[in-house]
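Chains as they are written, first to last, in this note's numbering: chain Z, 1 to 106; chain R, 1 to 558.
These are calculated hints, taken from the structure and not from any lab test.
Be aware that one or more of the hints could be misleading.
Stated by the list, open to error - Just the calculated beta-carbon pair ranges, DEER-fashion: (1) R/Lys116 to Z/Gly77: 55 to 61 Å; (2) R/Phe33 to Z/Phe79: 39 to 45 Å; (3) R/Pro245 to Z/Gly39: 25 to 31 Å; (4) Z/Thr15 to R/Leu238: 29 to 35 Å; (5) R/Glu468 to Z/Gly77: 35 to 41 Å.
Unchecked claim - Away from chain R, derived, C-beta distances all over 12 Å, residues of chain Z: (6) Leu24; (7) Phe65; (8) Trp72.
C-beta: ideal position from N, C-alpha, C; glycine also.
Each chain, written out:
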Amino acid sequence: MSDDHSKHHIVQPSTYAAILGALLVFTVLTYYVAFIDLGVLSNFVAMGIAVTKGALVVLFFMHIFYSTRLLWVVVVGSFGWLALMLILTLGDYVTRHWDIQQRIFF
Amino acid sequence: MSAHVIDSQVIVQTEHKEQENYLTAGYSLKSWFLTLDHKRIAILYLISVTAMFFVGGVFASLMRLELMTPQSDLFEPDNFNKLFTMHGIVMVFFFIIPAVPGVLGNFLLPLMIGAKDVAFPRLNLLSWYVYIVGAAFTMFTIVSGGVDTGWTFYTPYSTSSSQTHVVPVVLGLFITGFSSILTGLNFMVTIHRMRAPGLSWFRLPLMVWSIYATSIIQILGTPVIAVTLMMAGLEKVLRIGIFDPNLGGDPVLFQHLFWFYSHPAVYIMIVPGMGVINEVVTCFSRRSIFGYRAIAFANVGFVVFSFVVWGHHMIVAGQSVYSALIFSILSYLVGIFSAIKVFNWTATMYKGSISFDTPMLYVFGFQGLFLIGGLTGLFLAALGFDVHVHDTYFVVAHFHYVMVGGLVMAFLAGIHFWWPKMFGRKYPESIARFSMILIFAGFNLTFFPQFILGYLGMPRRYASYPDEFQVLNIMSTAGGSVLGLGFLLTAAYMIWSLFFGKEAGKNPWKATGLEWEKTTSPPPTENFFETPTVDEEPYNYANRDFTKDFNEEVKVGA
Numbered sequence: 001m002s003d004d005h006s007k008h009h010i011v012q013p014s015t016y017a018a019i020l021g022a023l024l025v026f027t028v029l030t031y032y033v034a035f036i037d038l039g040v041l042s043n044f045v046a047m048g049i050a051v052t053k054g055a056l057v058v059l060f061f062m063h064i065f066y067s068t069r070l071l072w073v074v075v076v077g078s079f080g081w082l083a084l085m086l087i088l089t090l091g092d093y094v095t096r097h098w099d100i101q102q103r104i105f106f
Numbered sequence: 001m002s003a004h005v006i007d008s009q010v011i012v013q014t015e016h017k018e019q020e021n022y023l024t025a026g027y028s029l030k031s032w033f034l035t036l037d038h039k040r041i042a043i044l045y046l047i048s049v050t051a052m053f054f055v056g057g058v059f060a061s062l063m064r065l066e067l068m069t070p071q072s073d074l075f076e077p078d079n080f081n082k083l084f085t086m087h088g089i090v091m092v093f094f095f096i097i098p099a100v101p102g103v104l105g106n107f108l109l110p111l112m113i114g115a116k117d118v119a120f121p122r123l124n125l126l127s128w129y130v131y132i133v134g135a136a137f138t139m140f141t142i143v144s145g146g147v148d149t150g151w152t153f154y155t156p157y158s159t160s161s162s163q164t165h166v167v168p169v170v171l172g173l174f175i176t177g178f179s180s181i182l183t184g185l186n187f188m189v190t191i192h193r194m195r196a197p198g199l200s201w202f203r204l205p206l207m208v209w210s211i212y213a214t215s216i217i218q219i220l221g222t223p224v225i226a227v228t229l230m231m232a233g234l235e236k237v238l239r240i241g242i243f244d245p246n247l248g249g250d251p252v253l254f255q256h257l258f259w260f261y262s263h264p265a266v267y268i269m270i271v272p273g274m275g276v277i278n279e280v281v282t283c284f285s286r287r288s289i290f291g292y293r294a295i296a297f298a299n300v301g302f303v304v305f306s307f308v309v310w311g312h313h314m315i316v317a318g319q320s321v322y323s324a325l326i327f328s329i330l331s332y333l334v335g336i337f338s339a340i341k342v343f344n345w346t347a348t349m350y351k352g353s354i355s356f357d358t359p360m361l362y363v364f365g366f367q368g369l370f371l372i373g374g375l376t377g378l379f380l381a382a383l384g385f386d387v388h389v390h391d392t393y394f395v396v397a398h399f400h401y402v403m404v405g406g407l408v409m410a411f412l413a414g415i416h417f418w419w420p421k422m423f424g425r426k427y428p429e430s431i432a433r434f435s436m437i438l439i440f441a442g443f444n445l446t447f448f449p450q451f452i453l454g455y456l457g458m459p460r461r462y463a464s465y466p467d468e469f470q471v472l473n474i475m476s477t478a479g480g481s482v483l484g485l486g487f488l489l490t491a492a493y494m495i496w497s498l499f500f501g502k503e504a505g506k507n508p509w510k511a512t513g514l515e516w517e518k519t520t521s522p523p524p525t526e527n528f529f530e531t532p533t534v535d536e537e538p539y540n541y542a543n544r545d546f547t548k549d550f551n552e553e554v555k556v557g558a
């Protein structure tokens, strides 16, 4: 355990400040993007910003960026697993009605 | 440290090793209920899950009694609904899921990896208490009138129509889920951090790989069922529209979320059972396992694929036909990992020096019954066939062949195999073999007719049925009686053996593994007199001299 502690990365306050700034910028961006009509892309843009913010929190505030490969595996595996649940569940909803499928894909 | 001091320690430890073990370390109730010893916690689980097994068994017996006649004469249909629901809830959540991890996993994991205990002993005890609190809620539900939704709690019936005690039982399962999560977390950390020197990942007994895989599924899946059941509870109490179409919800969403956990839960049940089979089949074949890495990675395959097949439970439930197609294909793929294991166990036995002691008989039982259970699972993964037999007794027979024929056989194999290690005494071998045959015959007589009943169209969950199904139902009930007798006999001789069984010695099966070769039976509180080191592959039976006495004293420092 002492080895782990000795390797523990100390994050500079300036890094935290920069991440905080980025999160605030993205929050403001989310607000203003909501007023722009992007059609079907609206959801993707909003989700893209949210995922980026989430990634910043996980990587820097939760220190994953400086962690061991095992922790990277845990984090990536967990989100991959969540993606499996969402993709396969939403796969049902997207394809459940033929007319909806036609509108999206054809 | 001087040689003199070491010598005196050796003498002291040698003197005490025969008298002191984890069972004799304390006799008060406090020493049991506040224990941090993983072995004692395993015994607490053993008593708890056995009690729940008999509660669930009583419900099953009452159902089979009702089904002896075509009319619903013993129970009103409403009460019959409660019987099968409570049978399912008790057996699934309070017996099958915690049985192998809670009992054998707790007892064996630290012993198998050469550790003194699990990584978080207090968390381990907390897991058991959380399980007991969840079980208490469920028992409260039973005595206060029961619940009638089926163990699956399908909405909107469970949240809108059912007038039974859905909320307390859902709360109980929500609480019990945390027991499962905490145990999984504890085991994963233990395996990562507490392996003995020399015990690399590919020297681990495959039981440990199985427990590791099971733990991942527990940690990833259980929160989903907990949240899903909580949402169902909130919908019922607060009328928040999540699953009920009248409130703007989607009932199929409940099924997605429910089966996202509950299908992997099948692997929480069966994978640790498969771990037991690895240990027993090698010991009683006197051979190294065939395809160690293939079996180890098959566990990983189970973890991944168990999470992507849930939709095969929903083929006729209103999900998209395209989803059904994908889930059907994925369900076929998960069979590959079962096949890897079953073929490798068979190859392990090939040219082995096989003996037919009770644990091995249970392995044979497992192989045959799990094969039938697994293959009929492939039938059910086929879209056309599933439409024909969905919600019939074919499905009931299938999952009982997997869960009882698979898991319970493996659990009994493990309990018989490690009983001498757990309690230092042997069970009576002849009665045990007879009992195994009773269980095997009773099981087949109970559930094989149900395949035929289902194929002929008898739906599950009904108290009455057309007259032409009576003969097969009577066969099934008769089989249930034989099965019940087998379980009771097993419980009786196991309890008898605690007091009157022959002293087992350290290693009665001449098995390999740290728990057999490096410690006494029963083990001391801290498992080993000194930290063992590992310098060979697992299951190295080729390097053992079976003419020597495997029960010789544990040499401190050896």
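Consistency of the hints with the structure:
1. R/Lys116 to Z/Gly77: 55 to 61 Å: violated, 29 Å
2. R/Phe33 to Z/Phe79: 39 to 45 Å: holds, 40 Å
3. R/Pro245 to Z/Gly39: 25 to 31 Å: At 29 Å between Cβs, range holds.
4. Z/Thr15 to R/Leu238: 29 to 35 Å: Roughly 43 Å apart at Cβ, these two residues miss the hinted range, so it is violated.
5. R/Glu468 to Z/Gly77: 35 to 41 Å: violated, 52 Å
6. Leu24: holds, 30 Å
7. Phe65: holds, 21 Å
8. Trp72: holds, 15 Å
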